[in-house]
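Asks: Numbering (full-length UniProt numbering), first residue to last: 1 to 184.
Careful, some of the hints might be misleading.
The following label-pair restraints were derived from C-beta to C-beta distances [to be verified]:
hint, residue 1, residue 2, range
1, T14, A114, 17 to 27 Å
2, L158, R120, 35 to 45 Å
3, P78, G161, 17 to 27 Å
4, A88, R154, 30 to 40 Å
5, G165, L6, 21 to 31 Å
6, A12, P169, 36 to 46 Å
7, A114, E87, 19 to 29 Å
Below, simulated EDC-like cross-link-like pairs (lysine to aspartate or glutamate); rule was C-alpha separation at most 20 Å, straight line [stated by the list, open to error]:
hint, residue 1, residue 2
8, K28, E122
9, K28, D145
10, K28, D118
11, K28, E87
The set of hints was computed from the structure by calculation and includes no laboratory data. Cβ atoms here follow ideal geometry from the backbone N, Cα and C, with glycine treated the same way.
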Amino acid sequence: MVLPILLLIVFALTELSLYFWTQSRAEKAVQLGLRRAVVSDPVAVGPGLDPAGSEAWWDGLPLGLRCYPAGAGPGPCPAFAVACDLEAGCRCDGGCRFGLDRARLDGIVQTMRAVLPDLRPENVRVGYRTNGFGYVGRPLPVPVDVTVSLVGMRYSTLFLGDLFGASLPLQAQAQRPSEDLLSR
Numbered sequence: 001m002v003l004p005i006l007l008l009i010v011f012a013l014t015e016l017s018l019y020f021w022t023q024s025r026a027e028k029a030v031q032l033g034l035r036r037a038v039v040s041d042p043v044a045v046g047p048g049l050d051p052a053g054s055e056a057w058w059d060g061l062p063l064g065l066r067c068y069p070a071g072a073g074p075g076p077c078p079a080f081a082v083a084c085d086l087e088a089g090c091r092c093d094g095g096c097r098f099g100l101d102r103a104r105l106d107g108i109v110q111t112m113r114a115v116l117p118d119l120r121p122e123n124v125r126v127g128y129r130t131n132g133f134g135y136v137g138r139p140l141p142v143p144v145d146v147t148v149s150l151v152g153m154r155y156s157t158l159f160l161g162d163l164f165g166a167s168l169p170l171q172a173q174a175q176r177p178s179e180d181l182l183s184r
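Make a model of the complete structure from these sequences and hints.
Replies: This is how it looks when you write it as structure tokens:
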């Protein structure tokens, strides 16, 4: 009579331990992907993120003007927020002028697979948002916060699918400011 309850507890603890271990691997994979995204060319290609599309980015603002987020300082600089993944491409609020560079996304995914081998490119979203660091005339790219997220990835239960459900969501996200690695 005690054996079924004991087995249920053992299998439940094993299942939860495997889930939390996989969740920890997902978080580490996102951290590695973020580091790769920060030091690599952006996945989103467009004004502010690549020199070819950024000639008119500062749009006549006086050189040296400090950039502030809208409403936070004397003179806001142009701002954008873009998120890119394979399902929707690149999208932004109020229309988007960014394209997705699949090869750059694949590089991030390959880095993440070192820790999370089941990861597929459609499970990764990379976002860029201007952060107000910098000044007008600063060499491109524009300073942004980079975010890497897992989307639509799930952990398939092994033992107790009826108790926990057939799968559990794996969620992870990390963000940090971009880096300018060009030497001048």
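Asks: Are K28 and E87 close enough, with their CA atoms no more than 20 Å apart?
Replies: violated, 23 Å
Asks: Are the Cα atoms of K28 and E122 separated by 20 Å or less?
Replies: Cα-Cα ~18 Å, so holds.
Asks: A range of 19 to 29 Å was offered for this pair. Does it hold for the Cβ distance of A114 and E87?
Replies: Holds - the Cβ-Cβ distance for A114 and E87, about 24 Å, lies within 19 to 29 Å.
Asks: Is 17 to 27 Å respected by the C-beta to C-beta distance linking P78 and G161?
Replies: Violated, since P78 and G161 (Cβ atoms, about 50 Å apart) do not stay within the stated range.
Asks: A range of 35 to 45 Å was offered for this pair. Does it hold for the Cβ distance of L158 and R120?
Replies: Between L158 and R120, where Cβ atoms are some 20 Å apart, the hint is violated.
Asks: Please work out if K28 and D118 have their alpha carbons no farther apart than 20 Å.
Replies: Holds, at about 14 Å.
Asks: Compare the distance between the alpha carbons of K28 and D145 with 20 Å, and conclude whether the hinted pair is satisfied.
Replies: Distance of about 19 Å is within 20 Å: holds.
Asks: Does the Cβ distance between A88 and R154 fall inside 30 to 40 Å?
Replies: Between A88 and R154, where Cβ atoms are some 19 Å apart, the hint is violated.
Asks: For the pair T14 and A114, does the Cβ-Cβ distance stay inside 17 to 27 Å?
Replies: With Cβ atoms ~26 Å apart, the hint holds.
Asks: Taking the beta carbons of A12 and P169, is their distance inside 36 to 46 Å?
Replies: Violated: the Cβ-Cβ distance is about 18 Å, outside 36 to 46 Å.
Asks: Is 21 to 31 Å right for how far apart the beta carbons of G165 and L6 are?
Replies: holds, 23 Å
When held up to the earlier numbered hints, the structure conflicts with 2, 3, 4, 6, 11 and fits the remainder.
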